[in-house]
Amino acid sequence: MNAPLRGTAGAPASTALKPLLCLLSTGALLGMTTVIAGLAIRAGWHPVAFLFWSALGGGLLLAIIAFMSGERPKASLALFRYALLSGLLSFALPNMLSFVAIPHVGAGFVALCLAFPPLLTYGLALPLGLDRFSAGAVVGMAFGFGGAVLLAASKPAAGGDGWMWTGVVLLVPFIIATGNIYRTVAWPEQASPRLLAPAMVLTAAMIIGLYATLAHVPFTPAIWDRSVMVLLMMQMAIIAGTYALYFVLQKLNGPVGLGQIGWIGAATGKLLAVACLGEVIHAILPPAFLLILVGIVLVSRRGK
-19 MNAPLRGTAG
-9 APASTALKPL
1 LCLLSTGALL
11 GMTTVIAGLA
21 IRAGWHPVAF
31 LFWSALGGGL
41 LLAIIAFMSG
51 ERPKASLALF
61 RYALLSGLLS
71 FALPNMLSFV
81 AIPHVGAGFV
91 ALCLAFPPLL
101 TYGLALPLGL
111 DRFSAGAVVG
121 MAFGFGGAVL
131 LAASKPAAGG
141 DGWMWTGVVL
151 LVPFIIATGN
161 IYRTVAWPEQ
171 ASPRLLAPAM
181 VLTAAMIIGL
191 YATLAHVPFT
201 PAIWDRSVMV
211 LLMMQMAIIA
221 GTYALYFVLQ
231 KLNGPVGLGQ
241 IGWIGAATGK
251 LLAVACLGEV
261 IHAILPPAFL
271 LILVGIVLVS
281 RRGK
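This note's numbering numbers the first residue of the sequence shown as -19 and each following residue consecutively.
FYI, nobody ran anything at the bench for these hints, they're computed from the structure. No residue lacks a Cβ here, since even glycine has one placed at the ideal position from N, Cα and C. Don't take every hint at face value.
Simulated DEER-style distance windows between Cβ atoms [as the list claims (entries may be wrong)]:
hint : residue 1 : residue 2 : range
1    : L1        : F113      : 26 to 34 Å
2    : M209      : R281      : 38 to 46 Å
3    : M214      : A122      : 29 to 37 Å
Go ahead and model the full structure; you've got the sequences and the hints to work with.
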């Protein structure tokens, strides 16, 4: 799948603003998920249980939207394989690792690690012929990576087993980048974003549920109250919104353009972690966000 790709078609000039708005919205929603998860864990949810119910509810919302839009899945091995592998690489595995690590490294640091997949995705896409070399894009990626490094440097030193959990979280960007590439090269023929979103999220929910059952994870919080339900409902809606836009953005911008949501998610997640979870903000963050913004602009203007 060299240019044009199913996942890399550029938007017409008259709708050039659509990919940018989609990028900003998806990235902001993605950053919110880590903070809501942090609040839910504090409220008594087990991280994996909260992720399971959130994915199940969000996936069902996406399925309802797809059904009301006239989408009808046609069972095929290609669709099943796509849902299974994309669900594992793009949702279940990175989110399970991230959510379980939140109590150890903080929601802010987990969000910051979302800034790394864009560079990794571009690095994988170039040798595979999924994106063209662009000096401007390389410079933009360098700016974005510089901002990501500054974000990571804002994390306080870890103690005890903190370094182990830091390493676990740093694996997540590699998994996400691999998923970005896989979803592009394996996009099923004639499958729409509205169909693929619920297929991926619901399959991921089944994977998470299977793990939770085998690991004897409690599926309910220790204490049921209004706060745990409100947080769950919010996360379901955020997941539905995120992945409704996720596949649309991939269709418009390809895997590298999609990967930029990580920079926005990192910035959004860190700011919300400071505001909602009382995490520390450092003087290094404003220049980090400026570098990320410059990177987004340069990569967005690369030739397709």
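Beta-carbon spacing of M214 to A122 - inside the hinted bounds 29 to 37 Å or not: With a Cβ separation near 36 Å, M214 and A122 satisfy 29 to 37 Å, so the hint holds.
Distance restraint evaluation - L1, F113, Cβ atoms, bounds 26 to 34 Å: holds, 27 Å
Using the beta carbons of M209 and R281, state whether their distance is inside 38 to 46 Å or not. holds, 44 Å
Against the hints set out earlier in the document, no violation occurs for any number.
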